[in-house]
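A.B. asks: Each chain is listed here by its residues.
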Amino acid sequence: MAAEVVLMNEVESKAAQLGIDLSVDLNSIQLPPGENFGIVSDDEDVYLDDQLEFDSGFGNVIVVDNLPVVPREKFEKLEGVIRKIYSQIGVIKEDGLWMPTDPETKKTLGYCFIEYNTPQEAELAKEKTNGYKLDRSHIFAVNMFDDFDKYMRVPDEWAPPEIKPYTPGENLQKWLTDEKARDQFVIRAGTDTEVLWNDARQSKTELVYKRTYWTESFVQWSPLGTYLATVHRQGAAVWGGATTFNRLMRYAHPQVKLIDFSPGEKFLVTYSSHEPSNPRDANRVVINIFDVRTGKVMRDFKGSADEFSVGGAGGVAGVSWPVFRWGGGKADKYFAKLGKNMISVYETDIFSLIDKKSLKVENVVDFSWSPTDPILALFVPELGGGNQPARVSLVQIPSKAELRQKNLFSVSDCKMYWQSNGDYLAVKADRYTKTKKSTYTGFELFRIKERDIPIEVLELDNKSDKIIAFAWEPKGHRFAVIHGDNPRPDISFYSMRTAHNTGRVSKLSTLKGKQANALFWSPGGRFIVLAGLKGFNGQLEFFSVDELETMATAEHFMATEIEWDPTGRFVATAVTSVHEMENGFNIWSFNGKLLYRILKDHFFQFLWRPRPPSFLTPEKEEEIARNLKKYSKKYEAEDQDVSMLLSEQDREKRRKLKEEWDKWVSEWKQTHEEENLERQKLRGGEASDEEEEYEAKEVEVEELLDVSEEVLPFEE
Amino acid sequence: MRPILMKGHERPLTFLKYNRDGDLLFSCAKDHTPTVWFADNGERLGTYRGHNGAVWTCDVSRDSMRLLTGSADQTVKLWNVQTGTQLYTFNFGSPARSVEFAIGDKLAVITTDPFMDLTSAIHVKRIAKDQTEQTEESLLVIKGPQGRINRAVWGPLNRTIISAGEDAVIRIWDSETGKLLRESDKESGHKKTITSLTKAADGSHLLTGSLDKSAKLWDTRTLTLIKTYGTERPVNAVAMSPLLDHVVLGGGQDASAVTTTDHRAGKFEAKFYDKILQEEIGGVKGHFGPINALAFNPDGKSFSSGGEDGYVRLHHFDPDYFNIKI
Numbered sequence: 001m002a003a004e005v006v007l008m009n010e011v012e013s014k015a016a017q018l019g020i021d022l023s024v025d026l027n028s029i030q031l032p033p034g035e036n037f038g039i040v041s042d043d044e045d046v047y048l049d050d051q052l053e054f055d056s057g058f059g060n061v062i063v064v065d066n067l068p069v070v071p072r073e074k075f076e077k078l079e080g081v082i083r084k085i086y087s088q089i090g091v092i093k094e095d096g097l098w099m100p101t102d103p104e105t106k107k108t109l110g111y112c113f114i115e116y117n118t119p120q121e122a123e124l125a126k127e128k129t130n131g132y133k134l135d136r137s138h139i140f141a142v143n144m145f146d147d148f149d150k151y152m153r154v155p156d157e158w159a160p161p162e163i164k165p166y167t168p169g170e171n172l173q174k175w176l177t178d179e180k181a182r183d184q185f186v187i188r189a190g191t192d193t194e195v196l197w198n199d200a201r202q203s204k205t206e207l208v209y210k211r212t213y214w215t216e217s218f219v220q221w222s223p224l225g226t227y228l229a230t231v232h233r234q235g236a237a238v239w240g241g242a243t244t245f246n247r248l249m250r251y252a253h254p255q256v257k258l259i260d261f262s263p264g265e266k267f268l269v270t271y272s273s274h275e276p277s278n279p280r281d282a283n284r285v286v287i288n289i290f291d292v293r294t295g296k297v298m299r300d301f302k303g304s305a306d307e308f309s310v311g312g313a314g315g316v317a318g319v320s321w322p323v324f325r326w327g328g329g330k331a332d333k334y335f336a337k338l339g340k341n342m343i344s345v346y347e348t349d350i351f352s353l354i355d356k357k358s359l360k361v362e363n364v365v366d367f368s369w370s371p372t373d374p375i376l377a378l379f380v381p382e383l384g385g386g387n388q389p390a391r392v393s394l395v396q397i398p399s400k401a402e403l404r405q406k407n408l409f410s411v412s413d414c415k416m417y418w419q420s421n422g423d424y425l426a427v428k429a430d431r432y433t434k435t436k437k438s439t440y441t442g443f444e445l446f447r448i449k450e451r452d453i454p455i456e457v458l459e460l461d462n463k464s465d466k467i468i469a470f471a472w473e474p475k476g477h478r479f480a481v482i483h484g485d486n487p488r489p490d491i492s493f494y495s496m497r498t499a500h501n502t503g504r505v506s507k508l509s510t511l512k513g514k515q516a517n518a519l520f521w522s523p524g525g526r527f528i529v530l531a532g533l534k535g536f537n538g539q540l541e542f543f544s545v546d547e548l549e550t551m552a553t554a555e556h557f558m559a560t561e562i563e564w565d566p567t568g569r570f571v572a573t574a575v576t577s578v579h580e581m582e583n584g585f586n587i588w589s590f591n592g593k594l595l596y597r598i599l600k601d602h603f604f605q606f607l608w609r610p611r612p613p614s615f616l617t618p619e620k621e622e623e624i625a626r627n628l629k630k631y632s633k634k635y636e637a638e639d640q641d642v643s644m645l646l647s648e649q650d651r652e653k654r655r656k657l658k659e660e661w662d663k664w665v666s667e668w669k670q671t672h673e674e675e676n677l678e679r680q681k682l683r684g685g686e687a688s689d690e691e692e693e694y695e696a697k698e699v700e701v702e703e704l705l706d707v708s709e710e711v712l713p714f715e716e
Numbered sequence: 001m002r003p004i005l006m007k008g009h010e011r012p013l014t015f016l017k018y019n020r021d022g023d024l025l026f027s028c029a030k031d032h033t034p035t036v037w038f039a040d041n042g043e044r045l046g047t048y049r050g051h052n053g054a055v056w057t058c059d060v061s062r063d064s065m066r067l068l069t070g071s072a073d074q075t076v077k078l079w080n081v082q083t084g085t086q087l088y089t090f091n092f093g094s095p096a097r098s099v100e101f102a103i104g105d106k107l108a109v110i111t112t113d114p115f116m117d118l119t120s121a122i123h124v125k126r127i128a129k130d131q132t133e134q135t136e137e138s139l140l141v142i143k144g145p146q147g148r149i150n151r152a153v154w155g156p157l158n159r160t161i162i163s164a165g166e167d168a169v170i171r172i173w174d175s176e177t178g179k180l181l182r183e184s185d186k187e188s189g190h191k192k193t194i195t196s197l198t199k200a201a202d203g204s205h206l207l208t209g210s211l212d213k214s215a216k217l218w219d220t221r222t223l224t225l226i227k228t229y230g231t232e233r234p235v236n237a238v239a240m241s242p243l244l245d246h247v248v249l250g251g252g253q254d255a256s257a258v259t260t261t262d263h264r265a266g267k268f269e270a271k272f273y274d275k276i277l278q279e280e281i282g283g284v285k286g287h288f289g290p291i292n293a294l295a296f297n298p299d300g301k302s303f304s305s306g307g308e309d310g311y312v313r314l315h316h317f318d319p320d321y322f323n324i325k326i
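From first to last, the protein sequence lines stand for chains A and B.
Per full-length UniProt numbering, the very first residue in the first sequence carries number 1; after that it's consecutive.
Per full-length UniProt numbering, the very first residue in the second sequence carries number 1; after that it's consecutive.
In case anyone wonders, no lab produced these hints; they're calculated from the structure.
Accuracy of the hints is not assured; some may be wrong.
[Claimed, not checked] Quick list of in silico lysine to aspartate or glutamate cross-link-like pairs, EDC-like style, CA-CA up to 16 Å:
#, chain 1, residue 1, chain 2, residue 2
1, B, K213, A, E582
2, B, K106, B, E136
3, B, K267, A, E582
4, B, K227, A, E660
5, A, K658, B, D245
6, A, K669, B, E232
7, B, K192, B, E232
8, A, K663, B, D245
[Said to hold, decoys possible] If you want the ones that stay clear, here's a sample from chain B, every Cβ over 12 Å from chain A, calculated:
#, residue
9, S204
10, D212
11, D254
12, I276
13, V284
Even for Gly, the Cβ is constructed at its ideal location relative to N, Cα and C.
Work out the full structure: start from the sequences and follow the hints.
C.D. replies: Set out below in structure tokens:
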């Protein structure tokens, strides 16, 4: 050891003599500003975000203002009071409470600093005690220490904001103008996320955009298809553009778990849940509502998980997502949250409760919005052992007036299903039988758009049948029900109209013994896929409800997901990685013809890009439907062109392959011939090695069997 | 095309062979008795009793008089096809995996497995015309390849021997000297064990099936890769139509995984491919275990498949088959 040290010293002294600096300080090596030597870091944004977050490191310090100013004698007492208040909220660090005093008068200055163990506690303390009244003249003003900088920087004089010149953005709906009227979808497999065109004419996909590690958990389209949202540790982001996908906006929300767009995609709700500092407490939940276009937080909600999990599975499993349900159709005017004995309805104009108070409903357990109108349907279960019946009511917003109410007796559970146009509401009520030992199911059907909202009761032919699935025809007047207790249940179709338009519900048909447990209506109605998922291994039946006949039956073995494209032309079935079977997806035509299949290992998501509602007027749409022949001619011609072109290319390729092969074979034939003699020799002279040449000769053989003579009398 | 189910074996099938005339079908299985069937109606004609282990392979002479069978009981037996009597028994120190008569039926190539301290080997035996003159001695023994040699066949004019096996390499040996002449290219070749190898009717090319889920077509002389056929499951057996440019691949998931999954997941189909375009034409379902053996009738109008499920399925093609256009 010693020898080595000496050696090292020698080297160093030698180096010093020669004027060479041997010490290499890694910190001293710095790249010129703005230079990265061509190595672009993917995490650059991440890095910046983190920087912001932990810049000052005082995130866990709060400043409490408006304290009483006390002389020295009372200092201890005041400190005790403050400590008592603030240690209820979290753990104050050792020496974490500092109340400065005036060095001359020895009086306190009327404020103090409190340092908690975690920023979360500090945040909570700020929230809970800001505005706390110690007495009449001392109302606490609590701020985060970090925020002080921000407030200090507010200029004293108001300067008019600079008006930036308008720069037109990209056309985010360019994909709708595709020449071939194709639809897009996004898939996530392994680490790759791809957006693809569904080119059904050529039975393949065409790549639009692909990115590795695009998202850290999942992707989601906005409801009108304008944006693709990705979810990361630091928050969510939305992507879109005319031809490719650029990042349009980011929404900071650390550890975001779930996201939800408003139906008109004006707002984005993000949700995260954080481990509590005290293991006895429930998780802390943070929900932010962003304006999608500006990225501004419109409102945030913070609290314990208990506050957000009313009505769900009893508040044990956490919140039921989405916490906020959007109402009033695509206008994004209202959103509502279920609370204990109330429903809190917020207005997006002001982002606060309508009339500043929640809608009080004792014991409400569930509610749902009409998809188009500002109408709430809410369900209150039976109370007092049946003395107070269960009830379903329709409430108009913002007037909060009850439009219709229906009392339901001996009901155990209720589910509400809205038709997509908000024309009908079906309430599935499970009722106890007289013995209370079992339940049976009935439907209460509300006609929302008719005067006084008539209600009709529908019971199945066999009342005791279990309901496996229920689905309204989108934009239509029909619905399908899977019912039965057998391993092969029945499927019934009903219409809200009868032949004579008398406004009574009527049964159209019942299909007996189907291997199905899920219903997937085409977005355009008329067609439905009766699917047997899970236990039925992916049985598919493509059914036309207009004709009441099966168009095709097929199977996508172990399919886990089924989704119609937004136009109702194609159906995608997928096996995602929840299954160890072959992962991948199939694309079918609406009538059940398999167009193509693509296998991908570790397949996670398949989502069609939604389309906004058509811009055409209903009259124009009707006109097109009437003159469909005229319009379709153009597309039929295109279809033919595509298939011709395809086969032309194909034929060319095949011809080449065939030629190559033939050439190769003929060469071989020659050598084979040449060797023929030798082969004969090997066989010991036995003729040819090919099949012996038979020659079929037709030989006629006449054989004389018998000769007999007979004398015929000659008659005159 | 309703297949004829031939239930004669009690254990998984291992090998199928038609005679030259295409009227007899020989089947080998892990039970100890090779069986001969009428290739037309699937009627059982007889069995060859004498082996004391799984029978892995067989070959029949050109005149359909003699049958050669190789077994795990470490013997290769020569039989009289008509009477079923044993004519001769070759003894080895390890199981025999494949046998083939040479052109002229005067020689036979036999491969043996690695066993105890013996390595795998390729043996060339002389088959005497007169049974009394038959001897045990090998004309040539080739050793070298690592692991099992799953198949060895004669090259053109009996001048070479072509072998393939567990090391995924196809090799051509000089059948006189035992010298290694050629090896298949590692880059383009198979990545996993080659399970089967079959020659074209004229011997110009050969088809190999492998556990790497592909089958490949090779030039018999140069060992250049001509075609590759991709599939979704390991390939256990391959066959080539002598009539049309079709190849058939059989296989399926590993036998040990069969009971844990649905039979539809196993892909126990015999898959037809266009030999030249390498495109899938169709599939023949039916087995409920992996397919271990495939053979085409020399007239190309029927084929048979043997499965892990113990069945031989004999398929006579519908007239449609001969008009397939893709």
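A.B. asks: So, for every hint listed, does it hold in this structure?
C.D. replies: Okay, the hints, checked on the actual structure:
| no. | hint | in the structure |
| --- | --- | --- |
| 1 | B:K213 with A:E582 | 14 Å, holds |
| 2 | B:K106 with B:E136 | 14 Å, holds |
| 3 | B:K267 with A:E582 | 11 Å, holds |
| 4 | B:K227 with A:E660 | 12 Å, holds |
| 5 | A:K658 with B:D245 | 11 Å, holds |
| 6 | A:K669 with B:E232 | 34 Å, violated |
| 7 | B:K192 with B:E232 | 14 Å, holds |
| 8 | A:K663 with B:D245 | 15 Å, holds |
| 9 | S204 | 4 Å, violated |
| 10 | D212 | 16 Å, holds |
| 11 | D254 | 14 Å, holds |
| 12 | I276 | 5 Å, violated |
| 13 | V284 | 18 Å, holds |
When held up to the earlier numbered hints, the structure conflicts with 6, 9, 12 and fits the remainder.
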